[in-house]
Amino acid sequence: MSTPFQAQDPNFEARVRDSFARQAAMGTLGAALAEVAPGRVVITLPWAAHLTQQHGFLHAGMVSTALDSACGYAGFSLMPADAAVLTIEFKINLLAPAQGESFRMVGTVIKPGRTVTVAEGQAFALHGGKEKLVATMGCTLMTVLGRENVRG
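This note's numbering applies: residue 1 is where the sequence shown begins, and numbers increase by one.
Rather than coming from a laboratory, the hints here were simulated on the basis of the structure. Treat each hint with caution, since some may be false.
As the list claims (entries may be wrong) - Computed spacing ranges between beta-carbons, pair by pair:
#: 1; residue 1: Ala21; residue 2: Thr136; range: 22 to 32 Å
#: 2; residue 1: Ala96; residue 2: Glu148; range: 35 to 45 Å
#: 3; residue 1: Arg22; residue 2: Ile88; range: 15 to 25 Å
To be verified - The list that follows gives simulated cross-link-like pairs (lysine-lysine, DSS-like), each with its CA atoms no further than 30 Å apart:
#: 4; residue 1: Lys111; residue 2: Lys132
#: 5; residue 1: Lys132; residue 2: Lys91
#: 6; residue 1: Lys111; residue 2: Lys91
#: 7; residue 1: Lys130; residue 2: Lys91
In this text the structure is predicted, and so the values were computed from the model without any measurement. Glycine is no exception: its CB is placed at the ideal position from the N, C-alpha and C atoms.
Sequences and hints are given; from them, build the entire structure.
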């Protein structure tokens, strides 16, 4: 997978995967880190009844959570080795009910920066071999340096 960005840290993939593994929220969702490239991350998760709303669709909060992580890790992949990442803000557009056997969340950096990075996310529902775009996200991220309680 080719991206237009160059990672500052040659060990960016291991750093992203290590941070993702420590994120309890992703474990709760059953999410997996499927792809990591400079400025692009793909997270997958299976449909699970305990993550749905009253109609059986993946709850919008779950979609938002996974997309936020995909965007955050896309940005994190371009940050210095000693940096951490925090989301400053995001906006989600829910385009269709999140109905499927599994889901693919793609985070892509639009504009990396020294302090602020802008990313976008797309959520896809996979059902019967077909993929449908169910949500998009605009996400702003902050590079965090020198804070003892905020690491990787």
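Results for each hint:
With their beta carbons about 27 Å apart, alanine 21 and threonine 136 fall inside the hinted range of 22 to 32 Å. The given range of 35 to 45 Å is respected by alanine 96 and glutamate 148, whose C-beta atoms sit roughly 43 Å from each other. Here the CB-CB span from arginine 22 to isoleucine 88 is close to 21 Å, well matched to the stated 15 to 25 Å. Restraint check for lysine 111 and lysine 132: the C-alpha separation of about 26 Å stays at or below 30 Å, so the hint holds.
At most 30 Å may separate the alpha-carbon atoms for a hinted pair to count; lysine 132 and lysine 91 meet this at roughly 20 Å. Restraint check for lysine 111 and lysine 91: satisfied, since their Cα atoms lie roughly 16 Å apart, inside the 30 Å limit. Distance restraint check for lysine 130 and lysine 91: the Cα-Cα separation of roughly 26 Å lies within the 30 Å cut-off, and the hinted pair is therefore satisfied.
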